[in-house]
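Just need the whole structure built from these sequences, with the hints factored in.
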Amino acid sequence: MKRWLVGFAALLLTLALVACGGGDGAEGNKDSGTGEGEQINLDFWVFGSTGYDKLIEEYQEANPNVTITLNEGEMEDMHNNLFTSISAGSGAPDIAMVEVSQIAKFMQAKDRFQNLNDYGAEEVADNFLDWKWQQAQSVDGSFQLGLPTDIGPTTMFYRTDVIEAAGLPTDPEGLAAEIDSWDAYYEAAKKIKDTTGKPIADSPELVFNAIRDQQPQQYFNEDNELIIEDTVKGAYDFTTKMVKEGLVGQNPLWTPEWGSAMGDGSYATMPGAPAWMIGVVKGNAPDAGGNWSLTTIPEGAGNWGGSFLTIPESDYPQEAFDFISWLTAPEQQLKSFNDMGLFPSAPAVFEAEEFLNTTDEYFSGAPTAKIFAEAAQTVTPVYMGINYAMVNNELVTALTNVAVEGADPQAEWDAAVERIEQQLERQ
Amino acid sequence: MGQNPSQATQAPKKSPLSEKKKEALSAYLYVSPFFILFAIFGLFPILFSFYLGFQKWNGLGEMEFVGLQNFKWVLTDPLFWKSLYNTLIMWVLGTLPQLLVGIVLAYALNSTLIKAKSFFRVSIFMPYVTSTVAVAIVFGIMFNDQDYGLFNILLGLFGIDPMSWSTSEWGLKVAISTMVFWRWIGYNTIIYLAGLQAIPNELYEAAQIDGATIRQKIQYITIPMLRPIIILTVFTSTIGALQLFTEPLIYIGRTFREEGITVVLYLYREAFVNLAFGPASASAIVLFFIILILSGINVLVANRIGR
Amino acid sequence: MSQTSQKNNVLIGKTFIYVLLGAASFLSIFPLYWMFVMATNHNSAINSIPPAMLPGNQLVTNFTNVLNTIDFFGAMWNSLVVSTVITIGVLFFCSLAGFAFAKFQFKGKNFLFVFILVTMMIPPQLGLIPQYFIITKLDWLNDLKAIIIPGLIDAFGIFWMRQYISSNVPDELVEAARIDGCSNFRIYWNIAVPVIIPAFATLAIIKFMYVWNDFLWPLVVLREESSQTIQVALRGLIDAYVRDNGMILSGTFWATVPLIVVFLLLNKMFIASLTEGAVK
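Going down the list, the sequences are from chains U, X and P.
Residue 1 is where the first sequence starts when you use the working numbering, and the numbers rise one by one after that.
Residue 1001 is where the second sequence starts when you use the working numbering, and the numbers rise one by one after that.
Residue 2001 is where the third sequence starts when you use the working numbering, and the numbers rise one by one after that.
FYI, nobody ran anything at the bench for these hints, they're computed from the structure.
Being a predicted model, the structure only gives us computed values, none of them experimental.
Residues on chain X that point at chain P, a partial pick, calculated with CB under 8 Å: (1) Ala-1027; (2) Phe-1048; (3) Ser-1111; (4) Arg-1121; (5) Val-1122; (6) Val-1129; (7) Thr-1130; (8) Gly-1186; (9) Val-1264; (10) Phe-1288.
Calculated from the model, a selection of chain X residues having no Cβ within reach of chain P, i.e. all distances over 12 Å: (11) Phe-1054; (12) Phe-1065; (13) Val-1066; (14) Leu-1068; (15) Leu-1075; (16) Thr-1076; (17) Phe-1158; (18) Ser-1168; (19) Trp-1170; (20) Glu-1259; (21) Leu-1300.
Where chain U lies over chain X, by a calculated footprint (3+ residues, C-beta under 8 Å): (22) 1136 to 1150; (23) 1244 to 1257; (24) 1274 to 1283.
In this text, a Cβ means the ideal position worked out from N, Cα and C, and glycines have one as well.
See the structure below:
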């Protein structure tokens, strides 16, 4: 009788010990005192490749009492974890990076974030592009959720070899002059198809996104009413028309075949490509240097992507703010651009001569910084709303059905609208 | 729990605390860890889900009581029924065949006729040690929509045009079912094999002496002896199939295409993508009752096998 | 029945079984082999026409890329700790509970057992937020305890053990031991446990694999790299923008190899325990 008791107790004890042993490392850096000249720990969540680790080292050297723990995750996972933490009311980091399409969602819970205006955000507002600044602001402007990091002004990437084979000008200015409207883009597509047999773009989504991102209003208006019929239906119709005529391919974004097609020159252009797409193209097609170039997109640039730094819950909001305002200051943004290609949201950077002279050999020596900077100046702010991702997902489904399954565009559009309305109804 | 051991240690010597009482006390003690842990980590989330089924909540703001509204939405949503239909089809395509093939493989592996059993056993169980994530990636590449995808090349050998697996009605179902089947067949085989090996050889030997045929041996010894194991696999695989989630999440988690969405994927999307926790909870509750009913039917049917 | 026709029957049966098992083995192993092929090839070879079918020369490069991206060995260690502790705990608790359900009489037995079965039917995904909430209240975030302690709840394990014990441990044996004055735990330990070793081996494999492969819950509660399990770490290889399948599959392949080794070892034990039973 006693033996089993001992056994039972021993097992429980072992479990407890092993379990505790695993936790030591994690608990060590959480507790920090509250005395003067104390050591301050800040948790910092980011996604993607930011290259912030180098900048953090620099900051820590200048501020020896601050330690910043950088945590890099996959974009979706990081936002989901932030959401879970905010929802449950604990576990969020001191500083979290939030992507622009997610910002409206977290704005709903703004009482669980620090209002950056309380720590001096208004003083640095002038550093940033107005439209970018407004995206992380409550409608009445009193609450500032985040400080801008990078932006994604859109341009058009193109394969010089395919463009040349089609008899179109291969230099950025010449091509921009040739394709100066979407009608001209359509004409060029026919020409490319006739001469090379290749589509002008491989992904319907990119063509659609390119035109969508040029609209001042997209899926929702400020009253959260669905307005896609008036705003992006034209983009949808244009895209599906080109798909039906075989002028645009059928690769969905982010698939392996989409990635590998960047290296094989099977299409001519990548419209609506933002600055961060440079890294994507280089990563997927490391050997295609010199075959790519980029130029201005017809009918004006839009913005796709870019992020903000927010302060969800922190014992040291002022210190956290000091750090992020340093990190997003023009000097540091320039470093991020040179290091990882994050395009700055601070106009002071684009005005610098040195910056504007940046060229990229991979992109056939095109003045990349200058083209993006011009694009950035023309972007107008867009209200995205909390259901942006859901609507986008349904529209992409419709586009895929048209491109891959050969479905009827209007029927697919109607079906997508119905699905969207069904989901909106229940929130 | 603190007092049980002390009572138990007091009990030993000729106390009139009957054997029966002692037995019951030990039994409660032995099953208590499950219930204690469940009370802490399982009960609250479940009660919370049931509560949420009657609320409107986006995960961030205030909750609002809406009565049966969420259930009405879910039950009138064609996509919910579509997801249920998909789940059942994938159950038929991916899970049911596992049980049949699993028994056959286990029987073959248990045969005294062959050598190299160890090799066969290990290779058939190998898929089970592969993580679901790896399975979804590898099969995702095999089920590539392009002409050079492995399964499309295979189709080509039979003169069939390449398929767009990740977007078509049956392509998605077949792809996901194949992943499920491949990964879990070894699991079912191992369970059946454990059951088969627990059957004493003397029974077969006795039957052999009595001149029983193989069929008779299977019918009168194997199946009845396996019955508890068959009930177990039918029961758990039904639950597993109706809660199918990881494979479709990794394969179509970006698009949530309706051709491949399962019930749990549907409720996951409602909750974590659309932030509609009310309808998500309502669909979880509906699914719970569906599982309850189907498991009941299943166990009834399985109970008849080998009777 | 003549001798020769019986021999022929055996031969046909033999051939049939060999063909069946051969085909099953091939289909089981091929995707794993292909995973290895991709883990040793450059990304471009995987996406080319026709795809690579033979191992390439990128084995070291791909794996070096994995090591540069994630803390592979640290995550493997965490997974090992979590899976082992849960497996041992579950074997003990579930066999004890299963034994009680199979061989003891007590009030509310059927109700409690059905209750356990019903808990299996509740889709767990929705419980993420409240469960996370409990973990933060316990201050177990980024702590392996957050995986281990809830992981000890295993309705299936109890169900499995009960089924196995009720059909393989004879009631007479339990009764006889009781008459000899054995305590209840003694009966469990000395009579039931030796008989159910094969069930232990099976449940151990199942549970170990389950914990090892789980990723949704660890992803939510293990945010710091130092505490992450291998499945969470492997997520870090999948960059949505630039997919290096060679590197991803290198990570998943090398994370699978130790499991195959563990399985081979357990398989030996599995057979040993069976032959031992047969001798008796």
